[in-house]
Structures are given as C-alpha cells and as structure tokens.
Amino acid sequence: MTAKRWWMGVSAAVLAAGVLAGCARSETGGAGEAEDGGPLAVSMALTQVGEIPAKDNAVEKLLEEYTETELDIQWIPQSAYDEKVSVMMASKEMPKIIKLNYVPLVINAIRSGDFWEIGPYLPEYPNLSAQDEQHYKNISVEGKIYGVPLFRDMGRATFNYRKDWLDKLGLDIPTNPDEWYEAQKAFVTGDPDGNGKDDTYGWMLDKQYNTGISALLTRLAVANGSVNKWGIVDGKMTPDFTQPEFFEVLSMFRRMYEEKLINQDFAVLDGSEVGLKFDAGTAGFGNSVAGALKSQHERLTKADPDAVVDNSGFIGPDGIRLAGEPGHNGFLAIPKSSVKTEDELKRILAFLDDMMNEDAANLLVRGIKDVHYADTDDGKTEITDFDAFQLEVKPYRDNLLYVEGYNTKPLKDTPQGEKGTRMAKENLQYAVPNEALTLTSAMYSERGNELETMIGDAMTKYIMGEIDEAGWQKEIENWRKAGGDEVIREFQESYDSIHK
Amino acid sequence: MRDRTPGGRLFDAVNYAILSAVACVCILPFIYVLAVSFTSPEEVARGGLILFPREWSLAAYEYIFSTGTLTNSLLITVYVTVVGTLINLIFTTTMAYPLSRTRLRGRQGVLLGVLITMLFSGGMIPTYFVVSGLGLTNTLWSLMIPSAISAFNLIVLKNFFQQIPSEVEDSAKIDGCNDVEVFFRIALPLSGPAIATFALFYSVDHWNTFFNAVLYLNDSSKWTIQVYLREIVILAQSNIGDSSRLEEMNIQPLTIRMAVVVFATLPIMLVYPFLQKHFVKGVMLGSVKG
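Order-wise, the sequence lines are chains A and B.
For the first sequence, the positions run 16 to 515 when the working numbering is used.
For the second sequence, the positions run 2 to 291 when the working numbering is used.
These are calculated hints, taken from the structure and not from any lab test.
Any given hint could turn out to be false.
What the hints assert, rightly or not - Below, simulated DMTMM-like cross-link-like pairs (lysine to aspartate or glutamate); rule was C-alpha separation at most 20 Å, straight line:
id, chain 1, residue 1, chain 2, residue 2
1, A, K317, B, E56
2, A, K292, B, E170
3, A, K159, A, D400
Unchecked claim - Selected chain B positions facing chain A (in silico; Cβ < 8 Å):
id, residue
4, R55
5, E63
6, Y64
7, F66
8, T68
9, T70
10, S133
11, N209
12, V215
13, L216
14, S221
15, V228
As the list claims (entries may be wrong) - Chain B is faced by these chain A residues, among others (derived, beta-carbon under 7 Å):
id, residue
16, I67
17, W90
18, A95
19, P135
20, L137
No residue lacks a Cβ here, since even glycine has one placed at the ideal position from N, Cα and C.
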C-alpha cells in the first residue's frame, strides 16, 4: 500500500507542477495600436513553409526596419490551413492581415462583408498598383477586390523534356496529338537510354492527370485549341471536356494506354512518384513549370551526368497556347474585425506597399547581402548560400509580396535557371485564362468537387477502355443532369453580370 | 498439452508459418522506416527496397536535431501526454466509480447525459467557442481539458467497477471506511489492469494530438510533434493536388521524413512493453464471466 501511496503522491505533485506550468504559458493579449510616430504593430497569419523561423530573426528584423513596423506573425501549418482559418473567421479572432486561399468558404465570408474592399484605395499605393491588373482580377469577388494577391506568374506552364533523347531519336518537339503519340511511341520502343530494354516512357501519367490547374490533360488540350477548364465558345460558357480538341487528347491517351505506351497504373500513381521517375531517367517528358527547369536538370544530372533537360511551352496547331494559371498563391486580406478604421486600413496598406520597395523587395527575393547573396561584377546578384536562403528567407518570400524582377536586382543563374525565369515572363502573352475563375455559382460551391470527380472518373474509364465514345457522351449527359447544366447556367449569368 | 500426432504437428507448423508471415507483414514497414532513416540519401535515391542500410549515415538525424524545434515539440508532447493522461485518469475514475454504485440517486440521468455526448457532438466551431470562451486557447490546457473524459472509456470503466462485488464494499465499510476510502483503498487497487489499459488508450490519444493543436494553439513553439510530423511527411505525398506547386514547397528527402517518423514513434513504442502485460489482462477481462 505504501508504494501505491507514494505513486499517488508523485502524480499529485506532477499534476500540481503541470497546473502551474500551464498557467505560466497563457498568452498575453494581441498587439495593440501603435502610438503615433512609433512602429506600426502588424499581426499576420501566414502559411508555414518548412521550418518556422525563430522570432526576431535577422530577416524579420530587417523587414521591420524597412517597413517601420513591429511584426507578429502566426504561422499555420499548410495541412490544416483552411480549417484553422474557418475557425478564426467564425470566432472573429483574426489578425490584421490574414493570408487566405481563394476557396468557397473564404469567398462566402468575403461576400458577407467580413473583409475590407481595398480596390478603391489601390491607386494611392505605387507598388501595389504597378502590378498587372489581371492578378487582382483573378482574386476578385463579384468584380471587387478584397486583398493583395501573392503575385505568381500566370504563363509558366511548360513541360521539361530529355533533349538528348529527342536528338537521338531524331524527333522535334511535338505540336499536336498525333505527334505526341509518335514521340511517346518512339520513347517507349526506341530505347533512348540505350540499355537494350523497353523500360522508358515519354509521358507518365499520375492520378492527378486531370485535376488541378496543372492537369496534364488540360494543358495538352489547351495547346490543341480547347478552352482552359472553362471558356466562352460561340458566346456561351463551356466546360473544356465537351470540346472536340479536348476529346482528341483524351483519345490519344486511350490509344497509348491500349498499346501499353503509358504506365498502366496511372489511376493510382502518386504525382511525386512520377517526378522521381523523371529524375531517375525513366520518363522523357515532365509536366512542369518554367522555373523548375534548373532544379530538374540538376537532379537528373546527378543520376545521369550525360542527360540534357530542356523545356518548352505547350505548342499546338496555333503556336504556343498555355493553360493560364490563377496568378496568385492566395492573397492577403484585411479583416474588419481587427482593423476598425479607414485610417488604420490605409496604414496597413502602406505597409504592404512598403514591402515592395527596393530594400524590402531585395530582402524577400534574395535575402541579406553577404549572408544569402552577393553582388557580382556584372551588376547582378548571386545567391551564395542557397540552403540558408531556403531556411531563413523562403518562409517570408512565399507568404509576402514579391515579383521577381520588380524593384529587385537581376539574378545571375545557370543557363537553365535564366531560361526558366525568362520563359515565365515571356509566355504570359500566350496564357489562356480560365474564364470561370472568379465567377460564382451556388451549385459549383456546393457540388463542384463532386461534379469534377464524376467527370474525372469518366475520363479515366475512357482512357482505360472501360467505356467507348458513346459511353463517354453518356457520362457527359449524366454530368449535365447531376448539376452540370445548373453550373453552366449560373456561371453564364455571373459572367454576363460582370461583362455587361 | 501439445498434440504429438502427425496431423497435430502439421497443424502447428501451418499455424506457425501463417503467424510468422503475418508478423513479418506487420514488422517490415517498421524495419523499412528505420533502415531508410539511417541510410545515406544517395542510396535512397537509387531506389529499391531497403531493409538494411549498406551506406550508414546519421545525416538525417543530424538535420532534424540541428534546430531545437523538434526536440521542443517532443518535450511538449511528453508533457501533454503525461499530465493529460493523469487528468484523464483522475476525472474518468472519479466519475466512473460513483456511477457504478447503483445506490447513487440520479445516476441514470447522468448516464443519459454522457450517452448523448457520444451520439451528438457540437462540431468544430462550437467546440472552439467553448475552448476560447474558457480562455484556454493558446495554452496547453486546450489539449487536455476538453478531452479530459472520453464518454466511451467512462462507460467501460463504470461497467468494470460494477463487477466489484458490493459485499467487498460492505465489509470495508464495516471496517470503518467511508466512500472515499473505499474508492482509493479497494476499488482503485482492484482495477489496476483496467486503469493501465485506459492509461495506454489515453496516452496514445494525447501522443497523436494533431488537429486540436493546430486549432487551439497559435504560438508555434507550443506545437506537438504530430504537427511537425504531418508537415514533413504527409505534405510530401499529397502535394495538395497540384504537382506544379512542388517547386514552391520544401519537400524533405525521404531519409529525413523517415527519421522524424522514427523519432515520433519511438517513445510510445518504448512505453508499450511495460504496459503490455496489463493491457492483455485488461482487454481479456471482459471475455471472462465472473
């Protein structure tokens, strides 16, 4: 019995210690209003990128200095971002700036008036208003702007390819479904890696081949002349999968699948696996973005020093046509519950604007001089410690405002790196926007995912030969009946109301 | 006891073979995770199934310990697990015992209240309002207090206490014990296996705390280890449905992901053998009619 008593005594002591420690951890209140003249207190909720930077690290301190603020950043893990934000919105416990994703939940909150409309104020801020208007349009809700987008390139859809393989097989970059088929066949049967076995592919599909903004199927279909997910055809709102150009691409994959020219397990294969196959020299084509050329090349040449990776925009019968991307990685919004007055709103906007001034912009894109980057003799900059940059600067860069090349010194890079940066800018002119990006449809908010899964499964069935062309048409009919027609009608109305 | 006939031996052999195969299936993933975490990244990049590292490397572990965050979150998790489990046990036993005594008035009403919480839950946002209204947000209490009693465990434990014959209680009372003493000196010592079992259930729950930690804690220095684990391991696989975003994310190499998995699983695996004998007893109890 004494042993038991002793144990209970210990547990009571531990519990008491816990009670005290727990109390000690309770948080002091949020950042208050700044006194006039002092630095502006800005609380922010951002997405966690990699490790969470230590509080008051050198980068954050410099950013505070450049923008005359006192930052209080709350990092939220990406894996539960939208849930956490929904709780914050419901409880009105929001910081002064919150990074939001353009998802139905957020759009509803915006429509119910929880956030400041900043559109009318933008012209007063030189850096914010200098950016391409399309970035703002793509996050607008019913034509109004409620935040500053984290600017991203819109025309960066490219594919990487094994230049050494294409050269060896004497092929050019494919420009239509028939040529893609020929190239695929050559990559599978022509033994481009010279090991005497048919163990290589051109494209390898993964289970996301038809979902997301970088869906391979969409990108190839857009190059072939289709709309980008949603577009206006003959004055009517049209989803891409009803287009003949789209069907051509779909049929091309069906033929490849039937002739075993494409990995047979694509319906269950994870996207990261396909990336690894490209790095290991199994695949010849990689669905990618312009800026990724450098890292792809470096990863591949580690395994195979003779390999040559190059990239190209998706080319179709009408030249380059790219599936345009939303042009943002979320946006920074200002909640009315935490920023009460117009004056304070203007100060917060001034802070966002200051972030794109030359010194702050260089800090976010290049890091700290002589720590992360150094100036070169030819007037450019060079990243000297990439690992430190990834760890210390990237968390801020990815969440705050920057535009590569805007108020920043040019970057000296490998030829692949420079090509990637250049293409992302140049190809903007070929980007085909998704017309439904900011349109509203009650049916789409409610059942959009379900409808997309439905038609996506039908695509997989068609490629795998489970249904024929008549079956595919029937699936489209089913999609229409299940709510698709409603979505089309609502998108059309929303489109008409904005483009009067 | 062993059947020595040829047929019996064959039966044994087949049993051993099947059970060994099942055991292998269970253990191999662990060995794989452990082996990969100790293998050099170059060898992992070459691919294939690794069950024993050919090129040993501690690089992954050096990396995950290079910043204090992981160790810190481990300490937090240990703290939450130990204190949280104690809270769970104290509250669950002290509620279950009175409910097990049939002479308690109003017992059925309380039990009905408990049952209702098992069937209907408030949902994420109302629960958040409760936690926030109590001022628990951003304290570690938010991970321990709202989950102090699991309704299911409470009812199982109540049934367990009911098996203690009332005659034992009567004799203790004749010897001069009051109700509190009966609870501490008779009921608790007799239910060691059951309490050990629930200690294990509760502590594993605390160890796996993820979602509540993200919801209730704003300060990242208080995050539990599962939050980090999830960031590092899950993110790399799901890539949020969009492969072109890959270059914008920090994807950790497989060796590091595996090292974090080992690091996050090891403590609970070390504790398990010591609780295991109670665990077997506790679980078996329900199957024996007394």
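Going down the list of hints, with the structure as the test:
{"no.": "1", "hint": "K317(A) / E56(B)", "in the structure": "holds (18 Å)"}
{"no.": "2", "hint": "K292(A) / E170(B)", "in the structure": "violated (69 Å)"}
{"no.": "3", "hint": "K159(A) / D400(A)", "in the structure": "violated (41 Å)"}
{"no.": "4", "hint": "R55", "in the structure": "violated (18 Å)"}
{"no.": "5", "hint": "E63", "in the structure": "violated (14 Å)"}
{"no.": "6", "hint": "Y64", "in the structure": "violated (10 Å)"}
{"no.": "7", "hint": "F66", "in the structure": "violated (12 Å)"}
{"no.": "8", "hint": "T68", "in the structure": "holds (6 Å)"}
{"no.": "9", "hint": "T70", "in the structure": "holds (6 Å)"}
{"no.": "10", "hint": "S133", "in the structure": "holds (6 Å)"}
{"no.": "11", "hint": "N209", "in the structure": "violated (14 Å)"}
{"no.": "12", "hint": "V215", "in the structure": "holds (4 Å)"}
{"no.": "13", "hint": "L216", "in the structure": "holds (6 Å)"}
{"no.": "14", "hint": "S221", "in the structure": "holds (5 Å)"}
{"no.": "15", "hint": "V228", "in the structure": "holds (6 Å)"}
{"no.": "16", "hint": "I67", "in the structure": "holds (5 Å)"}
{"no.": "17", "hint": "W90", "in the structure": "holds (5 Å)"}
{"no.": "18", "hint": "A95", "in the structure": "holds (4 Å)"}
{"no.": "19", "hint": "P135", "in the structure": "violated (31 Å)"}
{"no.": "20", "hint": "L137", "in the structure": "violated (25 Å)"}
Hints 2, 3, 4, 5, 6, 7, 11, 19, 20 from the list above are not met by this structure, while the remaining hints are.
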